[in-house]
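Turn these sequences into a full structure, and let the hints steer you where they fit.
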Amino acid sequence: MTQYFVTPKKDSRKKRWEKVYGRTTLPIKYPKPHLACTQRWGETAVYYLDTTAVPEALLDRLASFEARRAGISYREARMNVRREWLISAEGCRVEKRPYLPANQNWQPAFPFLHQVQFRPA
1 MTQYFVTPKK DSRKKRWEKV YGRTTLPIKY PKPHLACTQR WGETAVYYLD TTAVPEALLD
61 RLASFEARRA GISYREARMN VRREWLISAE GCRVEKRPYL PANQNWQPAF PFLHQVQFRP
121 A
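Residues in the sequence shown are numbered consecutively from 1, following our numbering.
Hints may be right or wrong, so weigh each one.
In silico PhoX-like cross-links for lysine-lysine, where the CA-CA straight-line distance does not exceed 20 Å [claimed, not checked]:
no.	residue 1	residue 2
1	Lys32	Lys9
2	Lys14	Lys96
3	Lys96	Lys29
4	Lys96	Lys19
5	Lys96	Lys9
6	Lys9	Lys19
For the record, the hints were derived by calculation from the structure and aren't laboratory data.
Treat the numbers as computed from the prediction; the structure is a model and nothing was measured.
So, in structure tokens, the structure goes:
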């Protein structure tokens with residue numbers, strides 16, 4: 001079984017990913033980009049983040065960003081992020097790797113997050 005990862009090509013985007021995601025390589029569900037019409041980017045090619053392969057703390061962090069950006073409640077944003085998180089395909093490259101269980105190939109992106117108390121869902 002194989003797993004697909006996406007990495008940005010530009011250094012500026014790598015720095016932004018490091019700030020937001022805590023890393024520059026993210027697991028994706030499908031190897032090919034899908035055309036989607038988003039409120040944020042308009043009609044563009046996107047990859048879907050594999051939300052089952054990332055830690056819960058990262059999804060909670062993304063939910064807080066989404067809640068602020070969209071002006072919705074944290075609870076609603078948390079559900080939306082767990083359903084899907086889109087990554088713009090522009091300026092990204094896909095890598096194919098053998099599948100490893102999540103606990104072996106993913107170290108905590110933000111080591112301090114296990115100490116942060118989140119509001120219950």
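Outcome of the hint check:
A C-alpha spacing of about 16 Å is found between Lys32 and Lys9, which places the hinted pair at or below 20 Å, so the restraint holds. Taking the CA atoms of Lys14 and Lys96, the gap is about 19 Å. The hint holds against a cut of 20 Å. Annotation: proposed proximity of Lys96 to Lys29 holds, straight-line Cα distance about 12 Å (limit 20 Å). As the CA atoms of Lys96 and Lys19 are separated by approximately 24 Å, the hinted pair breaks the 20 Å bound.
The hinted pair formed by Lys96 and Lys9 meets the criterion: a straight-line CA distance of about 16 Å does not exceed 20 Å. Distance hint between Lys9 and Lys19 is fulfilled; the C-alpha atoms sit about 16 Å from each other, no more than 20 Å.
The structure is inconsistent with hint 4 alone, although it conforms to all the rest.
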